[in-house]
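Fit chain Z to the known structure of chain E by using the hints.
Letter by letter, the chains look like this.
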Amino acid sequence: MSDWISTFPGYEQVLTTAKKIFGKIVQTGPVPRHVGIIMDGNRRYARINKIEIKEGHSLGFDTMASVLELLYESGVECATVYAFSIENFKRSNAEVKWLMDLAKLKFEQINQHADLCEKYGVKIKVLGNKRYMPPDVARILRKTEELTKNNKRATLNVCFPYTSRDEMVNSIKRVVDESTKNHDLIIDESAIDRHLYTSDSPPLDLLIRTSGTYRLSDFLLWQCVSPDCSLVIVDQLWPAFRPWHMAKVLLNYSFNKYWFGHGNGYTTSNKGINLYQSSSVIDLNDGKSSSGYQRYADSEWPDEDESEEDGEILEDIEEEEEEEESSGNSSGIERERDDEVDTVTSSESDSNKKY
Amino acid sequence: MTTSKLADHVRSEANVHTSMHDISQEINVIDSSVDDDKLGHQPPNSIRYNGLIHMIMITINELFNVNKLKDRTKKQTESMLGLIQFYIYHFLLLFIYILITIYKKFQTIYRKFFIKFYTLIYHHNNSPQLIRDDVNKLNKLPKTLSCILDLKDKDDEMGGIDGLINQISELTAWTLSCGIPVLQIYEFNGKLITNKSLLTKLNYKISKNLAKYFGLNNLPNYSIKIPHENLIIFGPQNTSNSEIDLQIHLLSRIDGKPTIVELTKTMSELAINKELTIQDISIDLIDEELIELVGPEPDLLIYFGPNLDLQDFPPWHIRLTEIYWEPENYDVNYSILIRALQKYSNCVTNVGK
Chain E
1 MSDWISTFPG YEQVLTTAKK IFGKIVQTGP VPRHVGIIMD GNRRYARINK IEIKEGHSLG
61 FDTMASVLEL LYESGVECAT VYAFSIENFK RSNAEVKWLM DLAKLKFEQI NQHADLCEKY
121 GVKIKVLGNK RYMPPDVARI LRKTEELTKN NKRATLNVCF PYTSRDEMVN SIKRVVDEST
181 KNHDLIIDES AIDRHLYTSD SPPLDLLIRT SGTYRLSDFL LWQCVSPDCS LVIVDQLWPA
241 FRPWHMAKVL LNYSFNKYWF GHGNGYTTSN KGINLYQSSS VIDLNDGKSS SGYQRYADSE
301 WPDEDESEED GEILEDIEEE EEEEESSGNS SGIERERDDE VDTVTSSESD SNKKY
Chain Z
1 MTTSKLADHV RSEANVHTSM HDISQEINVI DSSVDDDKLG HQPPNSIRYN GLIHMIMITI
61 NELFNVNKLK DRTKKQTESM LGLIQFYIYH FLLLFIYILI TIYKKFQTIY RKFFIKFYTL
121 IYHHNNSPQL IRDDVNKLNK LPKTLSCILD LKDKDDEMGG IDGLINQISE LTAWTLSCGI
181 PVLQIYEFNG KLITNKSLLT KLNYKISKNL AKYFGLNNLP NYSIKIPHEN LIIFGPQNTS
241 NSEIDLQIHL LSRIDGKPTI VELTKTMSEL AINKELTIQD ISIDLIDEEL IELVGPEPDL
301 LIYFGPNLDL QDFPPWHIRL TEIYWEPENY DVNYSILIRA LQKYSNCVTN VGK
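Heads up: the protein sequence lines correspond to chains E and Z, in order.
Under my numbering, the first residue of the first sequence carries the number 1, and numbering increases by one thereafter.
Under my numbering, the first residue of the second sequence carries the number 1, and numbering increases by one thereafter.
Excised from the complex, chain E in its bound form (with noise of 0.2 angstroms):
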């Protein structure tokens, strides 16, 4: 249906502006710093719509442009996309090519904009083994994230060619590598996190797979069992996930985070609150903090004093919000579509040849 309704003219534009419209809403309530998002399902959305797999994959780089847009307007920080996998080399040689095509081609539209980006203001981060891509590619990719290593607005990272087995093992090479120079060098978990390839992002809020498929398909594994990162599954294949779905997405996500502290709603288990606010503790008991957003408000604003209490309006009830992720926003809002760019593909090679 909504095929028909693109055809109308000036859709572009109404398009745009509801992102923003619904952007500066969501902005005044919790929003995701950081979110993951797996492509999954364009060759399965090519096959069924009897359309070439190549059509399927360039279908699915507009889906992101058109996300990621609206992820923007959000006020979300970072987003990691994972666009190829280093076991997705295993696939035809042809495909691999035309993979590898499409991202020279749309790095060097990219390049050729430089100026563009700097307006939109996205930082474009390769994230991966730099050893398994072919050189020209390579060559154009380091000249993108050059470009553009200035722009402060918002982070794309995009996992080219990557694992996080991959990820976890140079991290781990790295730590060793260091621990041999300087000797006194405390190996720890945040050791570890400080070399991985998403050193640099804010912790994973939110991670996000398409095709309805269970299963993280080595993608920021590290990053995603942290209590504090919630895992949505949606079923639609990746071309067909409209801006619509995210943003549904994204306020159940803000919904959860107010209401219940946690980014996948009601959880049994609020350990890691406690685990990772290890400088500040929270005592969850305290009976103050009876919502799972005040814990929440609380754990981002430790200090934030509890003097404005307000007893007259409502006193049985101890809600008491703050307001954090309402940063910025508003200024630079523009239109991306030609800025975030990269392949799409789908992940499930590697899972091929387990069965």
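Simulated from the structure, these hints should not be mistaken for lab results.
Remember, it's a predicted structure, so these values are computed and weren't measured experimentally.
Here a beta-carbon is modelled for each residue, glycine too, at the ideal position from N, C-alpha and C.
Each statement offered as a hint is correct.
Straight-line distance between alpha carbons at most 25 angstroms, and here's what the computed DSS-like set of lysine-lysine pairs gives: (1) Z:K265 / E:K181; (2) Z:K112 / E:K248; (3) Z:K265 / E:K173; (4) E:K125 / E:K149.
According to the in silico footprint, chain E covers these stretches of chain Z (three or more CB under 8 angstroms from chain E): (5) 86–99; (6) 253–265; (7) 280–293; (8) 296–309; (9) 316–326.
Here is chain Z on its own, set in the frame of chain E:
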């Protein structure tokens, strides 16, 4: 550098036996009476507040709370216009929240009904034969099943250590009836692992529960393994020579990221002593070590809670694990297990394109 040597290093660092240590004899001597109160503070539960009236009242409170709003918007903009703008947008957001609350109420009712319905359809009736019949319809079974259990408040239904032990013993009986060879139990705090008298209790409960399912004469053989301590406990009547039908692995947070850190430490020591070069570290090496130190990669992970929370589950091990949880479910329930197994068996056919 042989691989077993690396794992041994990690273990000797942690003062753990380097060879598998059988404590079945030891623990049976210890008195099984244990005081729950001595186990320390248990993870708190949050109190659920999502009544509609409550929600509306908070919204009203929020609206009147102008001082607060000013404070909040300071970070955003100082101007009056910005304040009003923020006010409007936040009001809209709260309005959307109200709609979501109403929607979720109905969803909860629907899901609770749904779970009740499935609980009626699938019931084990303490009979391995019935479970076997349910499982025989499936075309694929996981080799390793992993379950995340919550240690609930003592006052809750099936709460406290006793509840946890009960849940594990039930799961043991079900997985044995299904014919799954390895069962991993992940509990964040690792309360069971650190206390030997609790292990005695667990062992006793499991064998008692198995007797209920299988009868006293043909009790299956099982072993309880604690990878982090490298300890193993055999069931009451079997010796280490007889074949094991089910291995139970008890995992906790310490088997996740901290074990990877321990491995890194060991490797860095070896690297400093020039016994290991950085080029030697590879995915295969670490995979082998972690399988040795923690256990196999689970094929299916079931979380018996209302909303998924991975709780620092060993990150290396969930690469291709199928994850299952049922919204609005709070119990360890046979119908959840069987639905998870059904989903797992269906997924395999979907994946093979």
